[in-house]
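S.K.: Respectively, the protein sequence lines represent chains A and B.
Each residue of the first sequence is one higher than the one before, counting from 1 in this note's numbering.
Each residue of the second sequence is one higher than the one before, counting from 1 in this note's numbering.
I should point out that these hints are in silico values taken from the structure, not numbers from a laboratory.
There's no promise every hint is true.
[Unchecked claim] For each label pair, taking beta carbons as the anchor points, the in silico distance ranges come out as:
#, chain 1, residue 1, chain 2, residue 2, range
1, A, A37, B, A49, 43 to 53 Å
2, A, V23, B, S33, 50 to 60 Å
3, B, L38, A, S13, 27 to 37 Å
4, B, S33, A, S13, 35 to 45 Å
5, B, A58, A, A4, 44 to 54 Å
6, A, E57, B, R61, 52 to 62 Å
7, B, W4, A, N2, 30 to 40 Å
8, A, A4, B, A171, 16 to 26 Å
9, B, A174, A, P41, 40 to 50 Å
10, A, A49, B, A96, 33 to 43 Å
11, B, R61, A, I10, 22 to 32 Å
12, A, I6, B, A102, 46 to 56 Å
13, A, P41, B, E112, 26 to 36 Å
14, B, L97, A, E5, 16 to 26 Å
[As the list claims (entries may be wrong)] Stretches of chain A that chain B covers, calculated by requiring three or more beta carbons in the stretch to come under 8 Å of a beta carbon on chain B:
#, region
15, 10-23
16, 33-41
17, 44-56
Because the structure is a prediction, the values reported are computed rather than measured.
Quick reminder that beta carbons are idealized off the backbone N, C-alpha and C, glycines included.
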Amino acid sequence: MNLAEIYDFIAGSSRVTPLGLIVAVLVALFAHPFLGAWTAPVYFIVLAATLVISIFEPQR
Amino acid sequence: MNDWVLAGTTFVASVVECVEAVTIVLAVGYTQSWRSALSGAAWALLVLAVIAGVLGPALVRLVPLHALQLAVGLFLVLFGYTWLRKAIWRYSGRKALHDEDAIYAREVAALEAAKTQAHAERIGFATSFNGVLLEGLEVIVIVITFGAASIGGFWWASAGALAAVVLVCAAGLALRKPFGKVPENTMKFVVGIMLLSFGTFWSGEGLSVTWWAGESTLPTIIAVYLALSGLVIATLRTTRKPVSA
Chain A
1 MNLAEIYDFI AGSSRVTPLG LIVAVLVALF AHPFLGAWTA PVYFIVLAAT
51 LVISIFEPQR
Chain B
1 MNDWVLAGTT FVASVVECVE AVTIVLAVGY TQSWRSALSG AAWALLVLAV
51 IAGVLGPALV RLVPLHALQL AVGLFLVLFG YTWLRKAIWR YSGRKALHDE
101 DAIYAREVAA LEAAKTQAHA ERIGFATSFN GVLLEGLEVI VIVITFGAAS
151 IGGFWWASAG ALAAVVLVCA AGLALRKPFG KVPENTMKFV VGIMLLSFGT
201 FWSGEGLSVT WWAGESTLPT IIAVYLALSG LVIATLRTTR KPVSA
């Protein structure tokens with residue numbers, strides 16, 4: 001298995017899903033002082049939005 | 001409740017992968033020999049059991065739960081996206097449905113062509129071994145990650161996977177033909193929703209995100225992903241594009 005195949009095994013050749021995940025993690029780590037109790041809903045919304053966007057991403 | 005959900009999710013995921021593996025083993029058995037088909041499958045199952053048996057408990061013992069929940073959660077989110085996206089594309093007609101009968105026919109044709117070669121027996125063994133190993137790898141990853149992120153989860157996840165292996169193998173022995181009628185896409189859809197939901201919840205816990213209803217937030221997460229997926233499928237069905245394989 002080369003790196004591309006491992007990436008495909010985990011992320012299914014999507015470019016959007018790892019990016020969305022990184023954004024969600026950054027929100028959870030750094031936006032907590034501003035968002036407070038809203039951190040969890042925002043974290044969830046970012047992940048859910050990533051799902052929707054990735055579905056409309058062109059299939060490779 | 002979570003333990004039963006864990007076992008149920010690994011059970012469904014394992015049924016899907018076992019169905020695909022049994023198709024390959026049956027193709028080898030009917031075209032080459034049952035000896036090479038079954039020994040290849042048995043060796044692959046042994047390798048998978050060793051991977052799960054060594055890696056799973058080792059992770060739980062050596063890595064703190066909080067760090068595991070973060071790593072496992074993020075991994076499950078990515079894995080869940082992959083399963084769910086494919087299932088949604090198939091539901092909405094953007095991707096061809098998984099056809100076990102067609103896969104079986106393709107495997108048989110390839111094996112028939114290899115039958116005349118000098119090492120046909122070895123090719124049969126390798127096909128069966130690789131098929132079971134590759135299909136089983138996804139199950140092992142799910143079992144290990146589920147087991148690692150929750151206390152006692154490894155045994156529940158393993159039990160779910162083992163039950164699926166026994167059930168599908170028994171059905172394969174009884175029917176002796178590929179499972180063309182198994183609702184694979186529905187099962188993949190359910191697994192995708194569960195992987196993504198557990199991944200979201202655990203990665204949040206690992207990142208010290210406070211869920212608004214504690215553990216009871218999980219059903220809400222599942223419900224939202226379900227509703228969202230339904231909405232996307234309905235939207236895609238109204239704007240159909242050509243099917244890709």
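S.K.: If a hint holds in the structure, say so; if it does not, say that too.
M.R.: The hints, checked one at a time:
no.	hint	in the structure
1	A37/A with A49/B: 43 to 53 Å	44 Å, holds
2	V23/A with S33/B: 50 to 60 Å	53 Å, holds
3	L38/B with S13/A: 27 to 37 Å	34 Å, holds
4	S33/B with S13/A: 35 to 45 Å	36 Å, holds
5	A58/B with A4/A: 44 to 54 Å	28 Å, violated
6	E57/A with R61/B: 52 to 62 Å	39 Å, violated
7	W4/B with N2/A: 30 to 40 Å	38 Å, holds
8	A4/A with A171/B: 16 to 26 Å	35 Å, violated
9	A174/B with P41/A: 40 to 50 Å	49 Å, holds
10	A49/A with A96/B: 33 to 43 Å	27 Å, violated
11	R61/B with I10/A: 22 to 32 Å	24 Å, holds
12	I6/A with A102/B: 46 to 56 Å	27 Å, violated
13	P41/A with E112/B: 26 to 36 Å	57 Å, violated
14	L97/B with E5/A: 16 to 26 Å	24 Å, holds
15	10-23	holds (count 7)
16	33-41	holds (count 4)
17	44-56	holds (count 8)
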